[in-house]
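For the sequence shown, the positions run 14 to 219 when this note's numbering is used.
FYI, nobody ran anything at the bench for these hints, they're computed from the structure. Warning: the hint list may mix true and false statements.
Result set (SDA-like, lysine to any residue): computed pairs, CA atoms no more than 25 Å apart in a straight line [what the hints assert, rightly or not]: (1) Lys176 - Leu162; (2) Lys114 - Asp94; (3) Lys176 - Tyr217; (4) Lys152 - Asp59.
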Amino acid sequence: MNILIIDDDSSLRYMLQEICNHAGWDSKTAENGKQGVDLFNKGSFDLILVDYHMPEMDGLQTVKQIRKTNSSIPILVLTVDERQEIADQFLQEGATDFALKPVKAPDMISRIQLHVQLSNIKESQNQNDNVYSTKGISKGTLSYVEEYLKKQNEATSVDEISKKVDLAYPTVYRYVMHLLEEGKVKQVVSHQKIGRPKKLYQWYTL
14 MNILIIDDDS SLRYMLQEIC NHAGWDSKTA ENGKQGVDLF NKGSFDLILV DYHMPEMDGL
74 QTVKQIRKTN SSIPILVLTV DERQEIADQF LQEGATDFAL KPVKAPDMIS RIQLHVQLSN
134 IKESQNQNDN VYSTKGISKG TLSYVEEYLK KQNEATSVDE ISKKVDLAYP TVYRYVMHLL
194 EEGKVKQVVS HQKIGRPKKL YQWYTL
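Let the hints inform the model, and build the full structure from the sequences given.
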């Protein structure tokens with residue numbers, strides 16, 4: 014497996030390369046988005062790790078440029094920014110998921126393995142056409158979230174889904190909202206003894 018790492022922090026690039034080496038993967042690095050896009054266009058990669066805040070070309074612009082030529086490669090965004098509006102922008106441009114800094118090796122390895130596996134399943138099912146809709150929804154990831162929700166007997170929170178399926182909170186939130194719009198999922202409000210009511214979600218069965 015070959016991973017492309019795009020980050021302006023040299024120490025983080027080194028750490029991510031060490032994580033890849035430990036997992037038995039090859040990796041190449043770029044210190045900004047422009048370099049990263051050039052490397053991507055010249056090489057063959059299975060997954061991309063891209064930082065949000067970078068000089069010359071930030072993460073959002075980088076994702077946008079890569080998606081112009083490749084609609085299926087998994088792109089994981091590295092960020093300390095947990096705002097949903099930022100996540101929505103990245104997902105709209107075609108990002109696959111998020112990995113929050115500081116990066117932890119076990120989480121990063123499992124996340125990479127998951128998304129490469131989802132990508133391979135997607136290809137084997139011949140879903141390459143229109144994989145990323147206008148809403149930034151990947152069919153493979155959508156199916157993954159759907160299958161988890163179908164197996165749950167009780168309503169569950171976005172946070173709990175995120176932990177169980179090993180996808181970042183902003184990603185899961187986006188897909189759950191999409192399923193809610195489609196009428197496949199229903200929202201259940203759980204009133205807590207202390208604090209605000211909690212929103213839970215459940216697969217809609219007739």
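Hints, one by one, checked against the model:
1. Lys176 - Leu162: holds (13 Å)
2. Lys114 - Asp94: Satisfied, since the Cα-Cα distance of roughly 9 Å is no more than 25 Å.
3. Lys176 - Tyr217: Status holds; Cα separation ~21 Å.
4. Lys152 - Asp59: OK: Lys152 and Asp59 at ~18 Å, within 25 Å.
Against the hints set out earlier in the document, no violation occurs for any number.
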